[in-house]
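Undergrad: This is what each chain is made of:
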Amino acid sequence: MSWRTFAPLLAAILLLAGPARAQLTIEIIGGGANQIPIAVLPFAGESALPQSITEIVEQDLSRSGRFRAIFVGGVSPLPTEIAQVNFPEWKSRLADAMVIGQAQRLPDGKLEVRFRLLDVLKQSQIGGVAFTLTAAQTRLTAHKIADFIYEKLTGERGVFSTRIAYIVKQGPRHELRVADADGQNAQSILISSEPIMSPAWSPDGTRMAYVSFQNKKPILFVQNLTASKQPAPVANYRGSNSAPAWSPDGKQLAAVLTKDGTSQIYLMSADGSNLRRLTVSGGIDTEPFFTPDGQSIYFTSDRGGSPQIYRMPVSGGDPVRMTFEGDYNVSPRVSPDGKVLAYISRVSGRFQLMAMDLESKQVQTLTDGQRDESPSFAPNGRIILYATDVDNRGVLAAVSSDGRFRQRLGIQAADVREPSWGPFLGN
Amino acid sequence: MKKALFSALSLALLYGCASTPVEPERPAAPSAQPALPVSPPLAARPAPAAPQIDLSKRSVFYEYDKYDIRDEYRPVLQAHGKYLAENRGKKMLIQGNCDERGSREYNIALGQRRAEGVKRMLVLMGATEAQVEPVSLGEEKPRCTDHAEGCWSQNRRSDMLYGGEY
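Chains as they are written, first to last, in the numbering used here: chain A, 1 to 427; chain B, 1 to 166.
If you are wondering where the hints come from, they were derived from the structure by calculation, not from laboratory data. Wrong hints could be hidden among the right ones.
Straight-line Cα separation of at most 35 Å, DSBU-like style, residue types lysine-lysine; simulated pairs [what the hints assert, rightly or not]: (1) A:259 <-> B:141; (2) A:216 <-> A:259; (3) B:141 <-> B:66; (4) B:90 <-> A:122; (5) A:169 <-> B:82; (6) B:57 <-> A:216; (7) A:229 <-> B:82; (8) B:91 <-> A:229; (9) A:110 <-> A:251; (10) A:259 <-> A:152; (11) B:90 <-> A:361; (12) A:216 <-> B:82.
Residues of chain B clear of chain A, computed beta-carbon distances all greater than 12 Å [stated by the list, open to error]: (13) 52; (14) 54; (15) 56; (16) 57; (17) 72; (18) 74; (19) 75; (20) 95; (21) 103; (22) 138; (23) 153.
By construction, the Cβ of each residue, glycine as well, lies at the ideal position given by its N, Cα and C atoms.
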């Protein structure tokens, strides 16, 4: 299963980069509706693990906004089999689902974790998995368990074991980091005395495109995350090179170059070769973003007199304007199912995250910040990560795509910005 | 000549309050023609008859969301355009900047448009395309970091830097 294919990749990332200095801390704002009450019991023998796996599982589920953790104190002995579970008690504690399990150290030094997800009302098992892992894989295993539970109970894929990238600025130090989706386990990918911008994951999660100012102007790089190779410049033309976006098949990049005048969108192979111009306007065309089918791109253009969002076929053709309310609509991002367009709109001087239903064209305001920017969909489309500020300090925030549930991720005494949510890994 | 250039650049420092120290440019080799007819060199030579070129001003400032160059900057751009026209070996980097509001990538494009506007004006004044490269720093390198108009107006700016100054 996916676990085995993913493990070597994670190990490679760990080897490549040292642990980042400060971790993101999380603050939850507001609550979701229709939360599933779930009891995550401590696993028998869990103390053999370097950290509490069930604590991470419970935090993951709670933070998703889809679950409510039920108090699990005072249970002894801890059940490990369905026959040992006192279902009437958990029904009286108002749990709809519960998780039991056990952990142990194997003779070869590896660890084993097995768990079962139970339906309290039906008094039956929904599913269960056994993992063999190294101590360093404890967190990832916990996220995998949370993903399993999330998928079984909501019918959608969980994103707890995915990763996020973001930029941290601390004084003159700019850092590109990759962390678990909960902000923990952060690794430095790149450290620079000059700004770093616009990180974008390749669809397979092995490469990162970004913009570096190391040479006193914006130049586009692609860095391989699985091998400690020097990042290669893929676009270093006269003028500025920025706004990378990957095609869904990972073979092409869209980016903004100014080699022929104002900012225009170009397509190129992922190594920078086979360059061709896509947009032709006398003004600004920027922030390309591919639709999930790879057939179209959304982008920002001021061709109508103010920055608005347009859509056009990748094969060329006439752009169609998508936004009409207000005079500043930027940063288009399409949901993974292609149904929702998230973007930033200036409303009375405030920059807020909007979501447009692409079928009905109905627009919902998702946030109420002053300077919300850089939206990025979780690969399951349920959460949008974005950058905002609190007391003039940059922090990351996440909002459920229905706008009901929000959380903030910040680092003390540093600006955190430009989040990019990585893809699902393995299958 | 060196000294004259240096004093012009010192003025630039005073005027522009550049965030990064501006290094005085070092002429590569003495040329037959005075490269910079700003003021007479130390040795007693006849003062140039041509009007002096004042290169001390290096920045153009903009209104919010705008990239058009206000008339007050024409003499400044004329001086640099003339200097570049008379010194084909000189290169210039124009860095466009924006205030922190709005999309970072859109601000890269807006800063580029500001720098591109300065480049076009310099080319009209006699510089060649090959001499001037317009680039954008967007909102990424603010000179002033408060979150208010007092700073924002300073950050909406194009800077002209000669080879050796960046």
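Undergrad: Using Cβ atoms and 12 Å as the threshold, tell me whether residue 95 (chain B) really stays out of contact range of chain A.
TA: Since the minimum Cβ distance to chain A is about 8 Å, residue 95 (chain B) lies within 12 Å and the statement is violated.
Undergrad: Just want to verify: residue 52 (chain B) was marked as not at the interface with chain A; is every Cβ pair farther apart than 12 Å?
TA: Given a closest Cβ separation of 30 Å, the condition holds.
Undergrad: Are all beta-carbon distances from residue 103 (chain B) to chain A longer than 12 Å?
TA: Answer for residue 103 (chain B): violated, closest chain A Cβ roughly 4 Å.
Undergrad: When you check the alpha-carbon spacing of residue 90 (chain B) and residue 122 (chain A), does it fall within 35 Å?
TA: violated, 81 Å
Undergrad: Decide if the proposed pair is consistent with the structure: residue 216 (chain A) and residue 82 (chain B), CA atoms, cutoff 35 Å inclusive.
TA: With a Cα-Cα distance of about 26 Å, the restraint between residue 216 (chain A) and residue 82 (chain B) holds, given a limit of 35 Å.
Undergrad: Would the pair residue 110 (chain A) and residue 251 (chain A) pass a check requiring their Cα atoms to be no farther apart than 35 Å?
TA: Cα-Cα ~38 Å, so violated.
Undergrad: Given the hint that residue 57 (chain B) pairs with residue 216 (chain A), does the C-alpha gap stay at or below 35 Å?
TA: holds, 21 Å
Undergrad: Just checking, residue 54 (chain B) versus chain A, shortest CB gap more than 12 Å?
TA: holds, 26 Å
Undergrad: Was residue 75 (chain B) rightly flagged as not at the interface, with every chain A Cβ beyond 12 Å?
TA: Fine: 26 Å to the nearest Cβ keeps residue 75 (chain B) off the interface.
Undergrad: Would the least Cβ to Cβ distance between residue 56 (chain B) and chain A come out above 12 Å?
TA: Holds: least Cβ distance 22 Å, greater than 12 Å.
Undergrad: Report holds if the minimum CB distance from residue 57 (chain B) to chain A is greater than 12 Å, and violated otherwise.
TA: holds, 21 Å
Undergrad: For the pair we were handed, residue 259 (chain A) and residue 141 (chain B), check the Cα-Cα distance against 35 Å.
TA: Roughly 22 Å separates the two Cα atoms, so the pair holds.
Consistency with the previously given hints fails for numbers 4, 5, 7, 9, 10, 11, 20, 21, 22, ordered from lowest to highest.
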